[in-house]
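Residues per chain are reported as follows:
Number of protein chains: 2
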Amino acid sequence: MRITHILNRNFQRKRADWVSPDVKWTDNIDDVLSSDADIVVELIGGLEPAGQWIRRALESGKSVVTANKQVVARHASELIRLANQHGQHIAFGASVAGGVPVIAGLQEGLAGDELVELCGILNGTCNYILTRIENGVAFDEALREAQKLGFAEANPAEDVDGLDARAKLTILARTGLRVAANHSDISARSISMLAPIDFEYAKLLDCTIRQISRAEKAGEKLLASVEPMLVQSSSPLASVEGPQNLVMSTGKFGGETVFAGHGAGGNATAVAVVSDLISILRSRQTAGLALYEDGITELPVSADFTTRHYLRFVVRDEPGIIASLAQILCRAGINIDSVFQKPGFPKSQLPFVITLEPCSAAVVRESLKQIAKLEFLVEPCVDLPILD
Amino acid sequence: MRITHILNRNFQRKRADWVSPDVKWTDNIDDVLSSDADIVVELIGGLEPAGQWIRRALESGKSVVTANKQVVARHASELIRLANQHGQHIAFGASVAGGVPVIAGLQEGLAGDELVELCGILNGTCNYILTRIENGVAFDEALREAQKLGFAEANPAEDVDGLDARAKLTILARTGLRVAANHSDISARSISMLAPIDFEYAKLLDCTIRQISRAEKAGEKLLASVEPMLVQSSSPLASVEGPQNLVMSTGKFGGETVFAGHGAGGNATAVAVVSDLISILRSRQTAGLALYEDGITELPVSADFTTRHYLRFVVRDEPGIIASLAQILCRAGINIDSVFQKPGFPKSQLPFVITLEPCSAAVVRESLKQIAKLEFLVEPCVDLPILD
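Read top to bottom, the protein sequences are chains A and B. Our numbering puts the first residue of the first sequence at 1, with every later residue one more than the last. Our numbering puts the first residue of the second sequence at 1, with every later residue one more than the last.
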């Protein structure tokens with residue numbers, strides 16, 4: 001393999017000595033597309049012009065390696081079809097979990113299983129922020145820290161609101177569960193409402209809180225969501241730290257498989273990109289990749305998982321609060337599992353937690369709409385599903 | 001894909017109703033080799049006739065999928081060369097860690113990294129036995145239990161003496177580190193000398209004990225061994241249970257990656273076998289597999305890792321024991337890190353533990369030869385390296 005071109009804005013400034021003088025530097029994509037290069041590596045990110053460049057590369061008879069989760073999450077089927085039409089490959093191992101070989105693992109190593117469930121931690125920034133909140137830092141402060149350290153984007157919504165993880169989950173569901181889902185149909189809930197008190201209560205339940213991406217084949221639909229959840233302290237998910245990513249797959253035959261490692265950073269991404277390049281090199285003469293498309297079905301998406309729930313309220317204390325809440329939950333057929341109230345908080349702003357027995361996420365959310373109208377609530381209820 | 005033949009001893013008795021009547025049952029390998037089947041799946045185990053059958057299958061223009069770790073550990077280079085000569089593939093994903101896609105992960109997903117170290121738990125039987133010893137059961141009793149449950153073979157040496165794990169480690173070192181090593185040069189030490197007291201002392205060091213297979217590229221040699229080691233309770237290796245397997249790889253660029261899942265059992269093996277079949281199907285027209293052979297080097301093997309060590313002695317108590325031991329260790333340039341002695345044991349048979357600062361395994365073993373001559377020793381010293 002040999003680098004032929006490097007495309008970059010202001011390439012004059014960026015030209016590096018250690019790059020062979022044979023390599024052409026340019027800021028014009030046409031220089032690349034009209035060259036005799038065999039493979040284009042797209043690492044510019046964002047929807048456009050990346051999407052258009054990938055299409056044009058495939059149409060001009062070049063294979064593509066991309067780390068672009070947003071483009072792949074939206075357009076995988078179209079791009080793979082285009083690649084096949086032109087006898088080319090498109091590989092996107094770097095688009096999910098950086099250096100963790102989960103795409104190859106699902107696509108090759110577990111091809112013989114029938115995977116039914118995926119669950120993981122796919123965003124290192126959220127992981128960092130959650131660890132800081134666990135240590136008593138408020139969300140806003142933790143986010144500022146992450147931005148200062150260069151983890152979080154200036155516009156942090158992609159990370160903290162789950163949009164980044166949602167794109168990755170869409171790609172994993174396609175690769176592992178063989179379900180093509182519309183990425184924007186996957187429910188993504190922010191971690192921004194979490195406070196240190198939630199970790200204190202989670203600890204009482206022998207849990208911690210993580211941003212969990214999960215997808216499950218359930219008959220004719222795909223259950224999928226990205227949201228903060230309580231996870232058991234003994235789960236491998238609880239010990240994932242900083243930029244680490246972890247994906248657990250559950251197969252009908254092979255049971256649970258775990259992939260874990262560095263999910264972010266230049267080196268991890270480079271490993272995934274070079275692995276994809278090698279994989280294309282190895283299968284250069286094959287129509288092989290077309291076979292990966294066999295049996296992909298399009299399914300509608302729902303986030304209506306059935307799990308236990310953790311509800312954290314902050315109230316102005318007065319008699320009858322539990323009774324009012326219990327009544328609303330009872331009418332919806334939801335059973336209360338436990339009630340926790342830590343001492344030492346002012347009566348004007350009293351946090352406490354109710355956990356629910358396994359119930360539908362949609363039914364919980366309906367009840368919370370009614371609960372939101374109760375006057376003793378000082379702030380909106382924090383509703384976290386519990387992963388068992 | 002379609003099954004054409006099933007070869008088995010006494011196939012008349014084993015013929016199953018749910019197998020299509022088109023499938024030919026036979027006990028004669030020539031029926032299979034002279035047929036027009038494209039791929040032979042070898043699951044008989046053992047060195048012969050399996051090795052000969054694999055060779056003959058490749059020579060007769062058939063690809064081979066095998067779960068045979070002993071044949072692959074010994075003959076991978078020769079068999080891959082033979083496969084390439086005949087334009088065929090040989091795939092052996094099921095030979096290591098059953099359903100855990102570690103071969104595919106190393107070969108495809110991490111192809112872009114330069115792996116320098118592998119470390120893992122590759123034998124479920126040892127795992128089971130060690131867990132039982134941890135619960136206070138003696139080794140012999142734990143082994144009998146494992147045999148009763150069908151985990152361990154009637155001849156348990158393959159498992160408990162590390163020969164099974166050693167074959168798997170040879171295959172992993174080849175796939176991940178790209179080093180072809182002679183499997184019998186890899187030091188394998190038994191778990192049979194362990195007793196519940198070792199787990200009690202390990203716990204004092206915030207550790208547990210696992211059969212660890214590890215390999216590391218160190219200049220012009222391969223450091224490799226299979227042996228019981230102390231591992232930190234917080235390590236993912238410590239929480240591996242029963243038939244689970246776990247492999248951690250360390251790459252120069254991507255850092256640490258973990259693969260974990262079910263390492264044994266019919267279903268997990270079947271997943272690996274079917275995944276290999278699919279992978280061959282996908283790359284049917286390629287010379288691709290030949291490329292996996294690029295850059296494999298043959299290196300000599302050494303087990304001379306530098307680590308901390310745990311030494312457990314059982315002595316007839318008398319004055320000067322620590323002094324005698326310390327003198328021998330000191331002469332070899334080994335520093336003592338700590339000394340532990342739990343109360344409540346008879347003076348005639350007193351167990352205690354010395355831990356050593358990082359030092360060469362070979363130097364420790366030399367010193368232990370001298371220590372073995374000391375008269376106060378009631379049984380041989382148990383020497384476990386500590387994985388940090």
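A portion of the hints provided could be inaccurate.
[Unchecked claim] Within a straight-line C-alpha distance of at most 30 Å, the following computed DSSO-like cross-link-like pairs (lysine-lysine) qualify:
(1) K347(A) <-> K369(A)
(2) K203(A) <-> K342(A)
(3) K373(A) <-> K342(A)
(4) K342(B) <-> K373(B)
(5) K203(B) <-> K203(A)
(6) K203(A) <-> K14(A)
(7) K24(A) <-> K252(B)
(8) K221(A) <-> K342(A)
(9) K24(A) <-> K203(A)
(10) K252(A) <-> K347(B)
(11) K252(B) <-> K221(B)
(12) K347(B) <-> K369(B)
(13) K148(A) <-> K14(A)
(14) K221(A) <-> K148(A)
(15) K148(A) <-> K252(B)
(16) K203(B) <-> K14(B)
(17) K369(B) <-> K252(A)
(18) K203(B) <-> K347(B)
(19) K14(B) <-> K14(A)
(20) K203(B) <-> K252(A)
(21) K24(B) <-> K14(B)
Hint data in this document are derived by calculation from the structure and do not stem from the laboratory. A quick note: this is a predicted structure, and the numbers were derived from the prediction, not measured.
Against the structure, the hints come out as follows:
no., hint, in the structure
1, K347(A) <-> K369(A), "holds, 24 Å"
2, K203(A) <-> K342(A), "holds, 12 Å"
3, K373(A) <-> K342(A), "holds, 24 Å"
4, K342(B) <-> K373(B), "holds, 24 Å"
5, K203(B) <-> K203(A), "holds, 24 Å"
6, K203(A) <-> K14(A), "violated, 49 Å"
7, K24(A) <-> K252(B), "holds, 28 Å"
8, K221(A) <-> K342(A), "violated, 40 Å"
9, K24(A) <-> K203(A), "violated, 56 Å"
10, K252(A) <-> K347(B), "violated, 55 Å"
11, K252(B) <-> K221(B), "holds, 17 Å"
12, K347(B) <-> K369(B), "holds, 24 Å"
13, K148(A) <-> K14(A), "holds, 24 Å"
14, K221(A) <-> K148(A), "violated, 41 Å"
15, K148(A) <-> K252(B), "holds, 27 Å"
16, K203(B) <-> K14(B), "violated, 49 Å"
17, K369(B) <-> K252(A), "violated, 52 Å"
18, K203(B) <-> K347(B), "holds, 23 Å"
19, K14(B) <-> K14(A), "violated, 69 Å"
20, K203(B) <-> K252(A), "violated, 37 Å"
21, K24(B) <-> K14(B), "holds, 13 Å"
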